[in-house]
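Novice: Could you put together the complete structure from these sequences and hints?
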Amino acid sequence: MILDNLHSLKFFLPELALTAGILLVILSDIALKGLRNRLNPLLTMVTLLLAAWFTFQLNDVPAASLFHGMLAIDGLAQFFKLLLLLAAALVVLGSLHSTELASVHQGEFFALLLAVTLGMVLLANSTHLAMLYLSLELVSLASYIMVGYLKTDRLSNEASLKYILFGAISTGSMLYGLSLVYGMTGSLSLYTIRDAFLNQAPEGVSQFTILLILVLTMAGFGFKTAVVPFHFWCPDVYAGAPTPVTAFLSVAPKAAGFAVLLRFFFSGMSQANGTHWELIRGIDWPLVLIGLSVLTMTLGNIAALTQNNLKRMLAYSSIAHAGYILMGSVVLTGDGVRAILVYLFVYLFMNLGAFLVVTIIYNSDKTFDIEDYNGMFKRSPFVAVAMAVFMLSLIGIPPFSGFMGKLYVFGSVIDKGLYWFAAIGALNAAVAAFYYMRVMKAMLIEESNGSPAPLQISFLNQALLVALLLPNVLLVIFWDPIDRWTSASARLFGGI
Amino acid sequence: MIPLGFYLVVSAILFSIGAYGFLIKRNIITLFMCIELMLNAVNLSFVAFARYYALLDGQVFVFFVMAVAAAEAAVGLGIIVALFRNRQTLNVDETNLMKW
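Chains as they are written, first to last, in the numbering used here: chain Y, 9 to 504; chain B, 5 to 104.
In short, the hints are calculated from the structure, not lab data. Among the hints, a few may not be true.
Cut-off 27 Å, straight-line C-alpha distance, at most; resulting in silico cross-link-like pairs (DSS-like, lysine-lysine) [unchecked claim]:
(1) LYS159/Y x LYS41/Y
(2) LYS374/Y x LYS386/Y
(3) LYS29/B x LYS103/B
(4) LYS159/Y x LYS374/Y
(5) LYS29/B x LYS159/Y
(6) LYS103/B x LYS374/Y
(7) LYS449/Y x LYS103/B
(8) LYS374/Y x LYS449/Y
(9) LYS103/B x LYS159/Y
(10) LYS449/Y x LYS386/Y
Specialist: So this is what it looks like as structure tokens:
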């Protein structure tokens, strides 16, 4: 079902709410000088809640295409909208008591954060190349500014410069790929592109050319999801950006990048046949994705081993996680899509939690070095134990929710008979355990070297830490609703 | 009429020059110019394909690309100004506080 502009509007309310929120935050920042510091976070939270509420209202709507085929509304879209809004809300709360951001005026920060959220929501739903490009750039441009938000900080400057240079060249390559896709099929709509590929493999075009074009296109998605070889920006940007921004970047744009990757490859390059997707002729992209996935997790894990800066270590770990998530996209089944959704959902809580601990410790100690975390257990047992839980969850140790993500992803690969691929993944997870354990060892076992004063934590940060701990510990017990939710969400609108 | 292939060859050459320049140049402003070159290669091939298929959507896409490129240049220049204030250099080799 393809809806025209007027009929699409009522399914577009979450995005409209976000747009209104952006404008309101900018206005209040200009007009209400006395109130704005208190009002802006509140406005942002209200906007996000409103958007989430509108999204809930749309839960039972049958899958459809909005605005003459620009956007899709389906299970996948609903899932990612809620996930991204949740991530944005948690980051807003986590950024309120951060000394890094407290030194600068915060008005635009919340407007930018909402703009990135809007861009990501659109990106996750877009089924048209123009929409896809515009929303990708909306996410990118606003996040370049957020990374460079500490104007006088040289690391932050450098991070945003590197981000924009790598971002611009990645999207440039992606655009070139898209222009060639347009040239081969004569259409910008993903569904028409797929039909054009299905009906006749383009004449006079070799398989190699198609593969080259797909790799060019992958540059854009790979940049957003930090997949090797498009990952170079990741460690520097994560280390230089303000920590709440890093937390946001490591979770939300990555999720949106995977959403658009699924949409591009699953609805643009293959056709649904029950729960299984048939490849269109002439394209062997699972092989490309397997290669990228293995490279990504191996490089991420090995580079993380030697890092002393915790933010850099978490950056490489997030690259490795992108590799695990990519495993789910290889298998071309509904189970694979569900595995990706499950992984992104549990990853949200463990990674945001780890970065929240980094923020809390930086607030009082002004350091990101793992060695300076020594003896944290004496100074604040709660923070040390919380960090241990997040690390164990990132490793994928059974009682914690990170295990479920790994279980689904590896399970989907094993179901397909790719045992060696699963074995590489498991080996990587074992390597990863080493550097996560290093953080735990520093915090729990090592003796403090210097200031044994107890850690000062604001009430908000304590509450937020508990809120992030609970899903990590309890999700496994209450897994049934999540299983049902993700399997219902693993449905893409297949087109006309 | 000039055949489609000619436009595509020019577009590929432009894209390669842009990518090559991006890799070897050291001045940040020049890097941004190289990126513009790559985007213009994209624009050329979009317009050529749109003309070939006698469709308008490729041409409209080019407007989006140009508008976004302008926005990107604005953000990029803002970042460059902030960077220059803090370290008085535009050489990318000297923005090396963070490595590996």
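Novice: The structure should be examined with respect to each hint, and the outcome stated for every one.
Specialist: Hints and how they fare:
| no. | hint | in the structure |
| --- | --- | --- |
| 1 | LYS159/Y x LYS41/Y | holds, 21 Å |
| 2 | LYS374/Y x LYS386/Y | holds, 18 Å |
| 3 | LYS29/B x LYS103/B | holds, 19 Å |
| 4 | LYS159/Y x LYS374/Y | holds, 18 Å |
| 5 | LYS29/B x LYS159/Y | holds, 25 Å |
| 6 | LYS103/B x LYS374/Y | holds, 20 Å |
| 7 | LYS449/Y x LYS103/B | holds, 26 Å |
| 8 | LYS374/Y x LYS449/Y | holds, 20 Å |
| 9 | LYS103/B x LYS159/Y | holds, 21 Å |
| 10 | LYS449/Y x LYS386/Y | holds, 13 Å |
Taken one by one, the earlier hints all hold for this structure without exception.
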